[in-house]
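Student: Listed below, chain by chain, are the residues.
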Amino acid sequence: MHQALTDLWYGFGVALEPHNLMWSFFGVLVGNLIGVLPGMGALSAISMLLPITYTMHPVPAFLMLAGIFYGSMYGGAIGAILLNLPSHPPHAVTCLDGYPMTRAGRGGAALGVTMIASFFAASFGITVMIFASPLLVNAALKFGPTEICSIMLLGLLAGGTMARGSPLKGIAMTVIGLLIGTVGTDVNSGVIRFSFGFPELTDRVELVALALGLFGAADFLRSVNRMKFIGNETKVRLRDMRPSRAELRQSFFPMLRGTLIGTLFGAMPGTGPTITTFIAYAFERKISKTPERFGHGAIEGVASPEAASHSKTQVDFIPTMSLGIPGDPVMALLLGALMVQGIAPGPQLITEHADLFWGLIASFWVGNVLLLILNVPLIGVWVKVLRVPYRLMFPCALFFIAVGVYSTNNSLFEVNEVLFFGIAGAIFMALEFPVAPVLLGYVLGPLVEENFRRALLLSRGNMGVFLERPISLTFVSLCALLIALQVFFAVRAAWAKRHARRTLAYPGTPARATLPGD
Amino acid sequence: MWALKSKRGRDYAGGMLMAAIGLAAAVQGSSYQLGTLERMGPGFFPTALGVILAAVGVAIAITARFTRYEGEIEVLAPEWRGWACIIGALVAFVVLGKYGGLLPATFAIVFISALGDRQNTFLGAVVLGLAAVVVAIVVFWWALQLQFPLFQWGGG
Numbered sequence: 001m002h003q004a005l006t007d008l009w010y011g012f013g014v015a016l017e018p019h020n021l022m023w024s025f026f027g028v029l030v031g032n033l034i035g036v037l038p039g040m041g042a043l044s045a046i047s048m049l050l051p052i053t054y055t056m057h058p059v060p061a062f063l064m065l066a067g068i069f070y071g072s073m074y075g076g077a078i079g080a081i082l083l084n085l086p087s088h089p090p091h092a093v094t095c096l097d098g099y100p101m102t103r104a105g106r107g108g109a110a111l112g113v114t115m116i117a118s119f120f121a122a123s124f125g126i127t128v129m130i131f132a133s134p135l136l137v138n139a140a141l142k143f144g145p146t147e148i149c150s151i152m153l154l155g156l157l158a159g160g161t162m163a164r165g166s167p168l169k170g171i172a173m174t175v176i177g178l179l180i181g182t183v184g185t186d187v188n189s190g191v192i193r194f195s196f197g198f199p200e201l202t203d204r205v206e207l208v209a210l211a212l213g214l215f216g217a218a219d220f221l222r223s224v225n226r227m228k229f230i231g232n233e234t235k236v237r238l239r240d241m242r243p244s245r246a247e248l249r250q251s252f253f254p255m256l257r258g259t260l261i262g263t264l265f266g267a268m269p270g271t272g273p274t275i276t277t278f279i280a281y282a283f284e285r286k287i288s289k290t291p292e293r294f295g296h297g298a299i300e301g302v303a304s305p306e307a308a309s310h311s312k313t314q315v316d317f318i319p320t321m322s323l324g325i326p327g328d329p330v331m332a333l334l335l336g337a338l339m340v341q342g343i344a345p346g347p348q349l350i351t352e353h354a355d356l357f358w359g360l361i362a363s364f365w366v367g368n369v370l371l372l373i374l375n376v377p378l379i380g381v382w383v384k385v386l387r388v389p390y391r392l393m394f395p396c397a398l399f400f401i402a403v404g405v406y407s408t409n410n411s412l413f414e415v416n417e418v419l420f421f422g423i424a425g426a427i428f429m430a431l432e433f434p435v436a437p438v439l440l441g442y443v444l445g446p447l448v449e450e451n452f453r454r455a456l457l458l459s460r461g462n463m464g465v466f467l468e469r470p471i472s473l474t475f476v477s478l479c480a481l482l483i484a485l486q487v488f489f490a491v492r493a494a495w496a497k498r499h500a501r502r503t504l505a506y507p508g509t510p511a512r513a514t515l516p517g518d
Numbered sequence: 001m002w003a004l005k006s007k008r009g010r011d012y013a014g015g016m017l018m019a020a021i022g023l024a025a026a027v028q029g030s031s032y033q034l035g036t037l038e039r040m041g042p043g044f045f046p047t048a049l050g051v052i053l054a055a056v057g058v059a060i061a062i063t064a065r066f067t068r069y070e071g072e073i074e075v076l077a078p079e080w081r082g083w084a085c086i087i088g089a090l091v092a093f094v095v096l097g098k099y100g101g102l103l104p105a106t107f108a109i110v111f112i113s114a115l116g117d118r119q120n121t122f123l124g125a126v127v128l129g130l131a132a133v134v135v136a137i138v139v140f141w142w143a144l145q146l147q148f149p150l151f152q153w154g155g156g
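Sequence order for the protein chains is P and G.
Going by this note's numbering, the first residue of the first sequence is number 1, and it counts up by one from there.
Going by this note's numbering, the first residue of the second sequence is number 1, and it counts up by one from there.
It is worth saying that the hints were derived from the structure and are not from the lab.
Glycine residues also receive a C-beta, built at the ideal position from the N, C-alpha and C atoms.
Careful: at least some of the hints might be erroneous.
Computed list of chain P residues with no C-beta within reach of chain G, every gap over 12 Å [what the hints assert, rightly or not]:
no., residue
1, G295
2, A480
3, F488
DSS-like cross-link-like pairs, simulated, lysine-lysine; straight-line CA separation at most 27 Å [to be verified]:
no., chain 1, residue 1, chain 2, residue 2
4, G, K5, P, K497
5, P, K286, P, K497
6, G, K7, P, K497
Model the full structure from these sequences, guided by the hints.
Tutor: Written out as structure tokens, the structure is:
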């Protein structure tokens, strides 16, 4: 406990160094700006700026990336509340009540509550992170290749099945990601795999090119000429942003509940932020005394999901940094950035790179304060940025993508990779496959393969080793449970459908709501 | 395009696509050395993944056969102009980047992709392209010192 506070103090020292503070500020500002733009989320914001960090010192680089991350999350909420534009899927649920509030003239208050809720939730998440990380590290030090392999299997399975839509499709996309991860030179034997004769592919597929292809180019291919823009004249002034006392009182407990839900889900690897916000919203509606207000501007429907997404984000950093298992695609991207810097994530990270770890934690607070300060004067600017039409935005974004990807290796080959993954991603999306698990698979692929090979080398080829070691057995059982649950839900849904068909005479059966994308 | 018209069609096509990719990966993967479980060769992991992917693909197609689909689905009309312009813009960036330099490539990628949107005018696309050229000079060439010559002839 005392040690954690000393470490935290040290972390603040790192985060407040002028150089680091500057990059943190830059990250928050740019992240916020990109997050506000329609169609751009945290993933595209981070991957566009990732190339800059390749030449930077790891600490400022990572502080900046983290700043982009929560900056863009907050920016996404602005678009959702003021224009009904979910530029980042987790905010889709914020639209439900945030936009009606805007139409009722309380959009500013909704933004204010979002700001308070996210700051509160982030602070809570950070606190959990400070005290849980060292505990997790102690446990993680007992992990050998067998355990790492099975926990990664759990993470991949959860990431694939808990995304939107069919779990089978999610798994297929995860495997595609794992396969993309095998492209290049095999570290154990030096054999070049899946290079198709391109010398550039003897190294790995470029992380930035994959991310920008799947989440940038593919998205433009899907949205061009299809993006319907609802324009309305919204003016938000500073004093509109102060929620009334009644609104604050109404949103306090939802905020608390949302924070707890987010924390719980953050600790579970593989659960995406979208599902978390939807669960927080559904829960809030369920326990509300006046559920009919939801969807018509209930402030609880804004406070709870926003708090959930922010606390989840913070808590997500725990498994990412201390175990090397990213909870969602954004974390996978950040993990990839760490590995590019030559830092191996894992239990030794906290001790070996104490400046990075504690500096990052402290910078979360610093960054969230910066975000608060920044948004007070800039809210008017963001509202103007929101008005940038898609037809002007996407060509410029495409240009930034191309130049950004070029700068990773100063080579045009990576731009071709963007094109390839862009087209592939658009096809997958058209066939209703979720593309986010691809990134998860790609980042974890080499780690899974290496640990799998090592585990079986140590056990002399005995596959049973995964069931013999207790920690590994726990993870494998959880995997089995996850699959069993999915099968159970699928069978139950099919049965319910058949049943509903038979009892069609009673039209009173409530329709199940479908969740939009992850 | 038939496959996109119904949910079942999408699942059939998706399942078959996955099975095909998985099969191809398994075949290609097994051309590297497989090794044994104890000492795995470079081909083991990719081959195993290919087999898993093919199996999942088949499972997707089979479950599509037995699923009852309900409700309307959104069928989006193909957007050939947008697709052609975005793909063309990226290709133009690569080609002109190699045989022209950063500035022609910049103008081309913004100009061509802007033409993909039906609401953009020719003149508007030109102006947007020129604006991007200014950004390229100021931000990438001057401020960030990107290693990409503004002009170059015949592939440096």
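Student: Each of the hints needs a verdict: does it hold here or not?
Tutor: Verification of the hints:
1. G295: holds, 20 Å
2. A480: holds, 16 Å
3. F488: holds, 15 Å
4. G:K5 to P:K497: Measuring from Cα to Cα gives roughly 22 Å; hence the hint holds.
5. P:K286 to P:K497: Holds, at about 24 Å.
6. G:K7 to P:K497: Status holds; Cα separation ~16 Å.
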